[in-house]
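Visitor: Here are the chains, one letter per residue:
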Amino acid sequence: QKEVEQDPGPLSVPEGAIVSLNCTYSNSAFQYFMWYRQYSRKGPELLMYTYSSGNKEDGRFTAQVDKSSKYISLFIRDSQPSDSATYLCAMRTSGTYKYIFGTGTRLKVLA
Amino acid sequence: DAGVIQSPRHEVTEMGQEVTLRCKPISGHNSLFWYRQTMMRGLELLIYFNNNVPIDDSGMPEDRFSAKMPNASFSTLKIQPSEPRDSAVYFCASSLRMTSGGSSSYNEQFFGPGTRLTVL
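Chains A and B supply the protein sequences, listed in that same order.
Per this note's numbering, the first sequence runs over residues 1 to 111.
Per this note's numbering, the second sequence runs over residues 1 to 120.
Just chain B, same shape as in the assembly:
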């Protein structure tokens, strides 16, 4: 089975340019997460979608960052305009959230290979 797919794997851009990162979650998963990983801060959750709806975007650093999930098999993370401090590895992860009787359970998250972003 295919895991989480991300593209591009590497992106080098100049400050001020728009950057779009893409993610295809594991088929059947209904939860999608975008993370950023840096040496200084480790893995940080940026945004969480459930059933294509953004549930928690409190980790999005600022208005320059936006994320969409138009359908169950595709999500984008956009940075406009990009800045050198946005340089990091961006990961997408997916999982299955199950609900029963008003409560939710969350299964383990599976990560994609990441997009290494360099903003010059």
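Isolated chain A, as found in the complex:
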């Protein structure tokens, strides 16, 4: 079993839909949780960076961490075709530089 599991998709939604992207993990010591967006043939771009449990909102994006369930989510409201990309979750324990990445979920928002 991988430390971080992420459904590879692809996930296709109509423009304006609310998108939910998720990762599960097995290491209860993870404290820092990140979401990266990666457009085709580009580098990963940091979207959200959260510590421990709870929600964090930035514009149309909300990151949610549920440490009791070992489950993190990224919600995208009013999705746009420009949101079409691969979304990678990443996480690490405190005091370490090592990120554990999910394999990414490919999202396609249809106009």
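Bear in mind the hints are in silico, worked out from the structure with no lab data behind them.
Where is the CB? At the ideal position from N, CA and C, for every residue including glycine.
Be careful, since some hints might not be right.
[Said to hold, decoys possible] Heads up, simulated BS3-like pairs for lysine-lysine below, C-alpha to C-alpha not over 25 Å straight-line: (1) A:K56 to A:K70; (2) A:K98 to B:K78; (3) B:K78 to A:K42.
[Claimed, not checked] So, partial list: chain B residues that the calculated Cβ filter (under 7 Å) puts toward chain A: (4) Y48; (5) E108; (6) F111; (7) P113; (8) G114.
[Claimed, not checked] Covered stretches of chain B, going by a simulated chain A footprint (3 or more residues, C-beta under 8 Å): (9) 33-45; (10) 96-106.
With chain A's structure known, arrange chain B on it following the hints.
Guide: The following block gives chain B in isolation, referenced to the frame of chain A:
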């Protein structure tokens, strides 16, 4: 502000040739990471530098791979000799590590655009 800069963006070479990938981290960052991304294995950490010193090279696949960081603004990843299975996208990332009272905290990593390597 300029982000992480990588060159070349694309490299096509023949098996057995030497390949050198280059990276300029974000100014002020003291940690640098080299990653490899493939469809099969996703993003894998190859090597981590802090203050220009290699701290963890456990992800370097084999002796054909080497990395250097001669100064705070430049790093190279070299593959010699290259093989077709080295074909992948190679990313450089940088971040700021802060130390206080003997403990370290690591801020988020920022990635470069990557170098797409094809070994024929």
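Visitor: Which of the listed hints are broken here?
Guide: none
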